[in-house]
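Engineer: So the chains spell out like this:
There are 2 protein chains.
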Amino acid sequence: MSTREKAEAGKSAATAMLGLDLRSRNEALASMATALRKGTQEIARANAEDLEDARREGLPAALLSRLHFGDEKIEASIAGLEALRALPDPLGRQISARRLDEGLVLRQISCPIGLIAMIFESRPDALVQMAALCAKSGNAVLLKGGSEASRTNRALAALILDAGMKAGLPPSWLSLLESRAEVAELLLLDELVDLLVPRGSKEFVARIKTESRIPVLGHADGICHLYLHADAELSMASALAVDSKTQYPAACNAAEVLLVHADFAPKGLPRVVAALESAGVAIECCPRSAAILGRPSTMPESGPWSVEYLDLRMAVKIVDSLDAAVVHINRYGSRHTDAIVTSSAEAAGSFMEKVDSASVYWNASTRFADGYRYGLGAELGISTGKLHARGPVGLEGLCTYKWKLCGSGQTVADYACGRRAFTHEELTDGQ
Amino acid sequence: MSTREKAEAGKSAATAMLGLDLRSRNEALASMATALRKGTQEIARANAEDLEDARREGLPAALLSRLHFGDEKIEASIAGLEALRALPDPLGRQISARRLDEGLVLRQISCPIGLIAMIFESRPDALVQMAALCAKSGNAVLLKGGSEASRTNRALAALILDAGMKAGLPPSWLSLLESRAEVAELLLLDELVDLLVPRGSKEFVARIKTESRIPVLGHADGICHLYLHADAELSMASALAVDSKTQYPAACNAAEVLLVHADFAPKGLPRVVAALESAGVAIECCPRSAAILGRPSTMPESGPWSVEYLDLRMAVKIVDSLDAAVVHINRYGSRHTDAIVTSSAEAAGSFMEKVDSASVYWNASTRFADGYRYGLGAELGISTGKLHARGPVGLEGLCTYKWKLCGSGQTVADYACGRRAFTHEELTDGQ
Numbered sequence: 011m012s013t014r015e016k017a018e019a020g021k022s023a024a025t026a027m028l029g030l031d032l033r034s035r036n037e038a039l040a041s042m043a044t045a046l047r048k049g050t051q052e053i054a055r056a057n058a059e060d061l062e063d064a065r066r067e068g069l070p071a072a073l074l075s076r077l078h079f080g081d082e083k084i085e086a087s088i089a090g091l092e093a094l095r096a097l098p099d100p101l102g103r104q105i106s107a108r109r110l111d112e113g114l115v116l117r118q119i120s121c122p123i124g125l126i127a128m129i130f131e132s133r134p135d136a137l138v139q140m141a142a143l144c145a146k147s148g149n150a151v152l153l154k155g156g157s158e159a160s161r162t163n164r165a166l167a168a169l170i171l172d173a174g175m176k177a178g179l180p181p182s183w184l185s186l187l188e189s190r191a192e193v194a195e196l197l198l199l200d201e202l203v204d205l206l207v208p209r210g211s212k213e214f215v216a217r218i219k220t221e222s223r224i225p226v227l228g229h230a231d232g233i234c235h236l237y238l239h240a241d242a243e244l245s246m247a248s249a250l251a252v253d254s255k256t257q258y259p260a261a262c263n264a265a266e267v268l269l270v271h272a273d274f275a276p277k278g279l280p281r282v283v284a285a286l287e288s289a290g291v292a293i294e295c296c297p298r299s300a301a302i303l304g305r306p307s308t309m310p311e312s313g314p315w316s317v318e319y320l321d322l323r324m325a326v327k328i329v330d331s332l333d334a335a336v337v338h339i340n341r342y343g344s345r346h347t348d349a350i351v352t353s354s355a356e357a358a359g360s361f362m363e364k365v366d367s368a369s370v371y372w373n374a375s376t377r378f379a380d381g382y383r384y385g386l387g388a389e390l391g392i393s394t395g396k397l398h399a400r401g402p403v404g405l406e407g408l409c410t411y412k413w414k415l416c417g418s419g420q421t422v423a424d425y426a427c428g429r430r431a432f433t434h435e436e437l438t439d440g441q
Numbered sequence: 011m012s013t014r015e016k017a018e019a020g021k022s023a024a025t026a027m028l029g030l031d032l033r034s035r036n037e038a039l040a041s042m043a044t045a046l047r048k049g050t051q052e053i054a055r056a057n058a059e060d061l062e063d064a065r066r067e068g069l070p071a072a073l074l075s076r077l078h079f080g081d082e083k084i085e086a087s088i089a090g091l092e093a094l095r096a097l098p099d100p101l102g103r104q105i106s107a108r109r110l111d112e113g114l115v116l117r118q119i120s121c122p123i124g125l126i127a128m129i130f131e132s133r134p135d136a137l138v139q140m141a142a143l144c145a146k147s148g149n150a151v152l153l154k155g156g157s158e159a160s161r162t163n164r165a166l167a168a169l170i171l172d173a174g175m176k177a178g179l180p181p182s183w184l185s186l187l188e189s190r191a192e193v194a195e196l197l198l199l200d201e202l203v204d205l206l207v208p209r210g211s212k213e214f215v216a217r218i219k220t221e222s223r224i225p226v227l228g229h230a231d232g233i234c235h236l237y238l239h240a241d242a243e244l245s246m247a248s249a250l251a252v253d254s255k256t257q258y259p260a261a262c263n264a265a266e267v268l269l270v271h272a273d274f275a276p277k278g279l280p281r282v283v284a285a286l287e288s289a290g291v292a293i294e295c296c297p298r299s300a301a302i303l304g305r306p307s308t309m310p311e312s313g314p315w316s317v318e319y320l321d322l323r324m325a326v327k328i329v330d331s332l333d334a335a336v337v338h339i340n341r342y343g344s345r346h347t348d349a350i351v352t353s354s355a356e357a358a359g360s361f362m363e364k365v366d367s368a369s370v371y372w373n374a375s376t377r378f379a380d381g382y383r384y385g386l387g388a389e390l391g392i393s394t395g396k397l398h399a400r401g402p403v404g405l406e407g408l409c410t411y412k413w414k415l416c417g418s419g420q421t422v423a424d425y426a427c428g429r430r431a432f433t434h435e436e437l438t439d440g441q
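If you're matching them up, the sequences are chains E and A in order.
For what it's worth, my numbering labels the leading residue of the first sequence as 11, then goes sequentially.
For what it's worth, my numbering labels the leading residue of the second sequence as 11, then goes sequentially.
Hints were generated in silico from the structure; no laboratory data involved.
Heads up, some of the hints might be wrong.
Note that the list lumps identical chains together, so a pair holds whenever it fits in one copy or between two copies.
Stated by the list, open to error - Pairs of lysine to any residue, SDA-like flavour, derived with a Cα cap of 25 Å:
#	residue 1	residue 2
1	Lys277	Pro306
2	Lys212	Tyr319
3	Lys364	Arg117
4	Lys176	Ser22
5	Lys212	Leu397
6	Lys219	Ala194
7	Lys219	Glu18
8	Lys364	Ile119
9	Lys212	Arg223
10	Lys48	Glu92
11	Lys364	Arg109
12	Lys219	Val193
13	Lys83	Ala423
14	Lys364	Glu18
15	Lys83	Arg66
16	Lys364	Leu32
17	Lys219	Leu397
18	Lys364	Leu97
19	Lys277	Ser418
Make the full structure from the sequences, and use the hints.
Structural biologist: So this is what it looks like as structure tokens:
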């Protein structure tokens, strides 16, 4: 099948999936778990061949470990499927309800988006997770994994497609794309594909955004800030700086820049920097912070301030006010996650209002920006776009809504000429 | 100022507007109403010059009437401002709240999107309405109106910009773009402009969508269907067909295609068609409906079924089942608004679930698809896209949300190593 044919089949499947009840969608997840368990040997065999090729090609150890899909990862995937099954139904949720007039009731109800294309890099676990997210939310899916995992992905996709169909999902509810040429073709199919979810490096996501007119849910950069206000509590400031930077430096929600109020710096900065350095962090300091620390400056006042180190490296800048911190963050940040450390509720409120980021924190580590930590149950990804979904995105990111109007023969002419008038009475959930 | 400079100033203004309270935003609307009233003569003078030019260029009467911005339209605009002022605050609304752990509370709160660009055709009233929608929702705005209304738009924009500033909105919260070259430049500024709202013909909206990477909120086509199920009540079927087609044929929510169940057609179709024809509607009938009506077919079985007549003209097609009607609608429709006439709640439920359109109706005219009729208070437009906002869109279409996390020094390391565990307790509105 050509990519267009796969997408057309997926679009039809998406329509056939409208109206699938929760029981069927949950059964599909249970069926996938069973299939993974039964297919363990088949998966292991395919994965062993992928790993052998990868070793032969001299891929780095980190990539080999991500590529490895053994018993432990299968069990983790099965646990993920069970957790997803336990989540409440994202579909059929009443967002609003209004009686427009006697016998004319309008309800805004959540429903699937349609056909989702997901493009991810090496980890085969992502395939299971993404297929499951789509099944739970009633969406059809096109999946493209990393080429180094091609045999594993093929084995997994076949098992999962079949498991879904056994539970009543339509054929073509899932299709696997395998080559770069297929991705290039996919990106042009904006009349068939409703949403693209790319996961991978920021260059990868940026390229997808540039090359396609299909709406993209994802994030490109994670340039997160921790701002220490004048009244920041010293030990909290140190602990949050260390956690925000070092708890997992390669994550997009790790802080890259420490902004320090000029009144906090003389006493506080040396202690915070000492804590960071003893955790192995290299400090890039602006001229004013360098002066306070008594060392040469390694970062001009002019930056660069939009560097995503993804490493044990952090830039430090002195600012003269909360507003200056806000201006810096809105100018150089990536609208991902930014935090303030302060004892003042007023300062925190102002910061959280004015910083134009998906997640804004008061006295907490930037590392909390994550769907599981947010209690979303399942994470689709983190969005730095502002439309549709923002920040950590769970199942609701795969849902839209429709307006359902139930009448008893009403015509607009009656309202236009004044024979009838709208009452627009809000209804509560149960009505 | 170049378009880029206007957009950069708008972006800064958008940031400055974050955190503006409802009182200030409502004051801006009141100030605009005052300015319109005081500026009546100035506006009338500018409008007279635009009208004179338009007449000299021989523009059609319908366009002249849309271009005319006299006392009546000024009063209507002022009434619109008052109505908008009375609406509840779209910002600061708590969408969800969760206690992640003791002393660690996450709230999902609605907030402005940022910088909105609105492009509209001849009617100067749209300028007032769009500027007001943005002021109410705390967004900065770039406005481009039709060139034939350039003097009127310039006068209105100057008055409104100034009125907003008097109430505390930042300079550059509103900028007017005046030439096609400026629009062409605007469409490239995807890093500055958060959302495009084009209003006008479908060709116009489609062109904007093709030429820009900025997310677009709008609709291109309105190919709406009325489906008469086997058990449709005859008089209701006729009334809804006539209203859906004739109440305002040029509207996007007017029905273009009448789908008729084969069991309803022999008795029902002649009466429905008679009602339509006596309301002046020309019928394009498929071979099967032609046979029932005893006249020559004017529409092959193969269509074209995706024609937006926007006129007193309607296509009729016989279908053999509800599912066949659904398939037709999902294939040829524009995902705008589609209705079923039936006495069966089950048939209605199935139709409303399976038809993949923004608005799906049971026993009501397609003409109800409108923000005012839906009780949204103010209408930004109708979206046939599936992401962010769908169907009639009110103020909430100009809002996004951010995640606000308030902690007391929590680090992720504590949760990662098991010293602490998330409790993820949902909080109700008041908490």
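Engineer: 25 Å Cα cut-off: does lysine 212 pair with leucine 397 within a copy, between copies, both or neither?
Structural biologist: Both ways: lysine 212 and leucine 397 sit 19 Å apart in one copy and 23 Å across, limit 25 Å.
Engineer: With identical chains treated as interchangeable, where does the CA-CA distance between lysine 83 and alanine 423 reach 25 Å or less: within a copy, between copies, both, or neither?
Structural biologist: Between copies only: 23 Å across chains, 62 Å inside a chain, cut-off 25 Å.
Engineer: Have a look at lysine 364 and isoleucine 119 and pick one of within, between, both or neither, based on CA distance no larger than 25 Å.
Structural biologist: between (32 Å within a copy, 13 Å between copies)
Engineer: At most 25 Å between CA atoms: does that hold for lysine 364 and leucine 97 within a copy, between copies, both, or neither?
Structural biologist: Result: close only across copies, 24 Å inter versus 34 Å intra.
Engineer: Within, between, both or neither: how does the pair lysine 364, arginine 109 come out at a Cα-Cα threshold of 25 Å?
Structural biologist: between (37 Å within a copy, 23 Å between copies)
Engineer: Is it within, between, both or neither when you check lysine 219 against alanine 194 at 25 Å Cα-Cα?
Structural biologist: For lysine 219 and alanine 194, the Cα distance is within 25 Å both inside one copy (12 Å) and across copies (20 Å).
Engineer: Given a CA cutoff of 25 Å, do lysine 277 and serine 418 count as a within-copy pair, a between-copy pair, both, or neither?
Structural biologist: For lysine 277 and serine 418, the Cα distance is within 25 Å only across copies (21 Å; inside one copy 73 Å).
Engineer: One pair to classify: lysine 48 and glutamate 92, alpha carbons no more than 25 Å apart. Within, between, both, or neither?
Structural biologist: So lysine 48 and glutamate 92 pass the 25 Å test inside one copy only (16 Å; across, 65 Å).
Engineer: Could you figure out if lysine 219 and leucine 397 sit no more than 25 Å apart (CA to CA) within one copy, between two copies, both or neither?
Structural biologist: both (14 Å within a copy, 16 Å between copies)
Engineer: For lysine 219 and valine 193, with the copy left unspecified, which applies at a CA distance of at most 25 Å: within, between, both, or neither?
Structural biologist: both (13 Å within a copy, 22 Å between copies)
Engineer: Which holds for lysine 364 with leucine 32 at a C-alpha limit of 25 Å: within a copy, between copies, both or neither?
Structural biologist: Between copies only: 15 Å across chains, 40 Å inside a chain, cut-off 25 Å.
Engineer: With 25 Å as the alpha-carbon cut-off, assign the pair lysine 176 and serine 22 to within, between, both or neither.
Structural biologist: within (18 Å within a copy, 55 Å between copies)
Checked against the numbered hints above, the structure breaks none of them.
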